[in-house]
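Take the given structure of chain A and dock chain B to it, following the hints.
Chains as they are written, first to last, in the working numbering: chain A, 1 to 113; chain B, 114 to 227.
Don't take every hint at face value.
[Claimed, not checked] Derived DSSO-like pairs: lysine-lysine, alpha-carbon spacing no greater than 27 Å straight-line:
{"id": "1", "chain 1": "B", "residue 1": "K170", "chain 2": "B", "residue 2": "K116"}
{"id": "2", "chain 1": "A", "residue 1": "K3", "chain 2": "B", "residue 2": "K131"}
{"id": "3", "chain 1": "A", "residue 1": "K3", "chain 2": "A", "residue 2": "K73"}
{"id": "4", "chain 1": "B", "residue 1": "K131", "chain 2": "B", "residue 2": "K166"}
{"id": "5", "chain 1": "B", "residue 1": "K116", "chain 2": "B", "residue 2": "K184"}
{"id": "6", "chain 1": "B", "residue 1": "K170", "chain 2": "A", "residue 2": "K3"}
If you are wondering where the hints come from, they were derived from the structure by calculation, not from laboratory data.
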Amino acid sequence: AQKITQTQPGMFVQEKEAVTLDCTYDTSDQSYGLFWYKQPSSGEMIFLIYQGSYDEQNATEGRYSLNFQKARKSANLVISASQLGDSAMYFCASEAYGNKLVFGAGTILRVKS
Amino acid sequence: DVKVTQSSRYLVKRTGEKVFLECVQDMDHENMFWYRQDPGLGLRLIYFSYDVKMKEKGDIPEGYSVSREKKERFSLILESASTNQTSMYLCASTLWGRGQDEQYFGPGTRLTVT
Chain A
1 AQKITQTQPG MFVQEKEAVT LDCTYDTSDQ SYGLFWYKQP SSGEMIFLIY
51 QGSYDEQNAT EGRYSLNFQK ARKSANLVIS ASQLGDSAMY FCASEAYGNK
101 LVFGAGTILR VKS
Chain B
114 DVKVTQSSRY LVKRTGEKVF LECVQDMDHE NMFWYRQDPG LGLRLIYFSY
164 DVKMKEKGDI PEGYSVSREK KERFSLILES ASTNQTSMYL CASTLWGRGQ
214 DEQYFGPGTR LTVT
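If we strip away everything but chain A, and leave its shape as in the complex, we get (with noise of 0.2 Å):
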């Protein structure tokens, strides 16, 4: 069975700088898709990147990047410029057969003015 690990609960980082937010992902699939969603305190899940597990390039969409380290099994989200509506939980996931989603526990993220 896959399985998703962030092991931070829960981070601060100040307005304007980078923050990394971690996660470790566990699976025998030799294809398989690993995606972050952030929530806030609204409750919506907003999806900000995916990642292939045969893309060679790291995945960036805007300010998000992903730092994907296959050997590792690692796909830490990168965020930079760090901006107050930045403050929400943070989900790591896996992606399954029949595109069910695996999530990890979460991340809040606090960022500080």
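For chain B alone, kept in the frame of chain A given last:
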């Protein structure tokens, strides 16, 4: 614009009641999912469906059932609600097929069972 809606944002039910949570998507997606979210546990898959009248158990199906009579609607049923089913319930949908198709989530239903 992509839309997944859930019938209620907040719901309070009594132990033993039968509870229906409704989810509707307007994107013609084949796949639909029900998750529950609990602090420290992330989101866990309850049931999912690939097509009308098709359903498969997720990781925590006990105490739940589902119904998908129409492609756009996926219902989660708590046959006899219990206090340990107090949680946030999230519905999601996506196109069929592996790849980078993200799951689109509804706003969630916060269910309290007293």
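Results of checking the hints against the structure:
Note on K170 (chain B) and K116 (chain B): the hinted pairing holds, with a Cα-Cα distance of about 24 Å set against a maximum of 27 Å. Distance hint between K3 (chain A) and K131 (chain B) is unfulfilled; the C-alpha atoms sit about 32 Å from each other, more than 27 Å. Of the pairs offered as hints, the one joining K3 (chain A) and K73 (chain A) holds, with about 11 Å between alpha carbons and a cut-off of 27 Å not exceeded. For the hint linking K131 (chain B) to K166 (chain B), the alpha-carbon distance of about 21 Å falls within 27 Å, and the restraint holds.
Between K116 (chain B) and K184 (chain B), the direct Cα distance comes to roughly 14 Å. Compliance with the 27 Å bound is thereby established for this hinted pair. At roughly 18 Å between alpha-carbon atoms, K170 (chain B) and K3 (chain A) fall within 27 Å of each other, so this suggested pair holds.
This entry does not satisfy hint 2, going by the numbered hints stated previously; all others are met.
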